[in-house]
Amino acid sequence: MNEQTTRRGRIRIDGLEEHLSSDRADGDRTDADRPGDHRDASDRQMAAANTRPSATSASTGRSTLTPRDGTSARTVHSRSRLEESWRRFRSNRTALFGLAIVAVLSAVAIVARPVEFSTMGYTITLQPFSLAPYDPNELSVGPPNAGPSLAHPFGTDWAGRDLFSRVLVGGRYSLSIGALAVALALCVGIPLGAIAGYVGGWLDEAIMRIVDMLYAFPFLVLAIAIVAIVGQGYWNVVFALVVTGWLTYARLLRGEVLSIVETDYVAASRALGTPHRTILARHVVPNAVAPVIVQATLNVGSVVTAAAALGFLGLGLEPGTAEWGAMLAQGRSALLRGNWHVTVFPGAAIFLFVLAINLVGDGLTDALGSRDGRERRGR
Amino acid sequence: MTGDDPLLRAEGLEKRFTTSDGLLERLLGRGETIRAVDGVDLEIAEGETLGLVGESGCGKTTLGRLLVGLDEPSAGSVVYRGRDLATLDRRERRELRTNVQYVFQNPLASLNPQLPVGDIVGEPLAVHDIVPPDRRDDRIADLLETVGLEPSAANRYPREFSGGQCQRIAIARALAVEPEVLVCDEPVTALDVSVQARILNLLSELQAEFGLSYLFVSHDLSVVEHVADRIAVMYLGRIVERGSPTQLFEGDSHPYTEALLSAIPEPDPCWEGDRIVLEGDVPSAIDPPSGCQFHTRCPKVIPPSAYDLECEVFRGVMDLRLDLADAVADGGDPREALRWPPAGATNATAIDADSTFTAGAIKDAYGIPRTLTDEDAEAALTEALEALAAGDAERARSRLSRTFESPCETDRPDPQVVDDSGDARHRIACHRFYDRATRE
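If you read the sequences in order, they're chains R and E. FYI, our numbering numbers position 41 of the first sequence as 47, with every residue one higher than the one before it. FYI, our numbering numbers position 417 of the second sequence as 732, with every residue one higher than the one before it.
For reference, chain R alone in the conformation it holds in the complex (with noise of 0.2 angstroms):
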């Protein structure tokens, strides 16, 4: 044994060392592979060069420009990737103005009126703010039907309720469903979409059979008949949404997880005896999972326009409650009328909110360096 150790030295190239040492100046270190060689420090330089010269990027430039330096090579802190998409999503001003109106109009409807959170008798205030001049189910608060004024910006409604407050408190409902079917259809769509395409065989044909036979419904049809069936209601309309749209994202994940899946880090892992559920979630997923959440993000503005259209015919929540839809339906018959206002403000409200969306979910796309997140937005 000892013998063939001795003649595996062979595989020594001869002189390299002591060529590569006499090229380098300082003769520290004789393998220009490791950290901190020539191609490490120039990429970094350039890196440093490429962000704005905020006073953060200037202090860690200065670090990472001196690798060689033992103490500040140990304080290098590079960025992830999570860091990275989100300079480059900031670099972009029309999804950064998206996420602006989405911001404000989340902080909006939550302002709106007092969150307050009864139990035993106590009553406990989350948010005292209140943006609403006034209750938006309040009756008679104005005039009926009487147009935009200082008094109610957005006029009234039939019933002389205040449309400005009803408005701004709709924002709960239509966002809040958005988010929340949208939150849990993802819940469903990619532990189902990834268990098809890391499992395979026949989980896999019966996950895909079942996304097919729904896919074969269009979208509006078939949350039409869920609500028709479980009835209305928040919850319902909610459950209705969620059964309509994780097909998409499983679809999406199961796609993207059967190229992960072949990858040499997965096989490493499997090699090292990860287990499976291990490997999913550490591996797998998070190098799986962009496409879907820029397909999220822009779902979350069709899901919106959908509670809208089931608000607007009547399958939403009861009628007469203040979300967006259900508030385009009743101002149908103001606008034959000529009381304009009546549709316009809720109908802006949808319209500004579904675009914002859009806008941020496009910046997504390019962030994550999703490739097909806009080809996908069809649905």
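Bear in mind the hints are in silico, worked out from the structure with no lab data behind them. Every residue, glycine too, gets a C-beta built ideally from N, C-alpha and C. Treat the hints loosely; a few may be bogus.
[Stated by the list, open to error] Cβ-Cβ distance ranges computed for the label pairs, FRET-style:
(1) 535(E) to 265(R): 53 to 59 angstroms
(2) 206(R) to 682(E): 48 to 54 angstroms
(3) 268(R) to 401(E): 21 to 27 angstroms
Given the coordinates of chain R, assemble chain E onto it according to the supplied hints.
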């Protein structure tokens, strides 16, 4: 070494893939079977490096994946320290399999781009609870230093490293489970030549330090020659020859190995070399040739014993026979499958195909002399070629295959020990050596 119990042994290992895809084809049982690994016996002793060479697509990578347990064998078994992996339950097997680790060809692709290096290297530590959580960071730093990286690399992401550095990270990850065997699948192919040398040096240092065994898969004989204690040569899913580098490079060797060896370039501008150029493509693994799988391309194919024929002459006859068999199978004009018109036709009229498609011209195209030395063979060949020239390809084919049947295509050669004197047993699976071994 050969007397020791091997660390890792493969017995009659086979891996078949099927091309059928989708539920319907599976139900109908359609699709073809590819024999990627076709009965391989292999053993790796403690502390040794076994080089595995062969053309692309010959099943080297599949064999490596079978040994690591990334794929399940269709037949045969992998035995680790005397324990057959197939007989163990799932948990035991996973535990045992961490003793065999894998280093990939493309270093960057083998590292998860989303995770910092520390998490990548530390994953096995957490999964197998090798090191308690509070000391994991120290262990990760140790591992990174072992492979020649700075401990600070743990905070960075794979894409920030060069190819050689990524390969070091991948090796550090493999070492984290303290394996005894590393299967290196072309570990330096994707790297610059200067970096290749460093990674090879690192591997040899690690071997000396930890007593690792390597299965070093490569298509590059010159690299393997430097690294390996023993070399196994693979062709179409089978191992055709194995022995020490000296035995392979200096002694007699399998005709396929000879061809591979002749392709190693010398760093000498005046080098011309007598390259053995193999005719034709690697046969498909879907329907591998019978007998010795190399007989379709072997420059030293054995003539039938009934005739007194030169090797080169018989090679020409074999080529003609194989092309003719393709022509009959395809059904169309036999001339399309044959070497016709002749590529290097010297006389101008030969290119004018129709009128000159004669027995003599066909012989020229295949480098067969106009008159064979053996009279019986000559008579048979002429008869077949005249039938072919007359347009009866099927008769020509059956006549030729009846007459010129080489032992290489009928019998599968078993590996024969040709030299047991050195530090390794030199075994060749070729009828030429089989003859000699039985005669002696």
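We went through each hint and held it up to the structure:
{"no.": "1", "hint": "535(E) to 265(R): 53 to 59 angstroms", "verdict": "29 angstroms, violated"}
{"no.": "2", "hint": "206(R) to 682(E): 48 to 54 angstroms", "verdict": "51 angstroms, holds"}
{"no.": "3", "hint": "268(R) to 401(E): 21 to 27 angstroms", "verdict": "25 angstroms, holds"}
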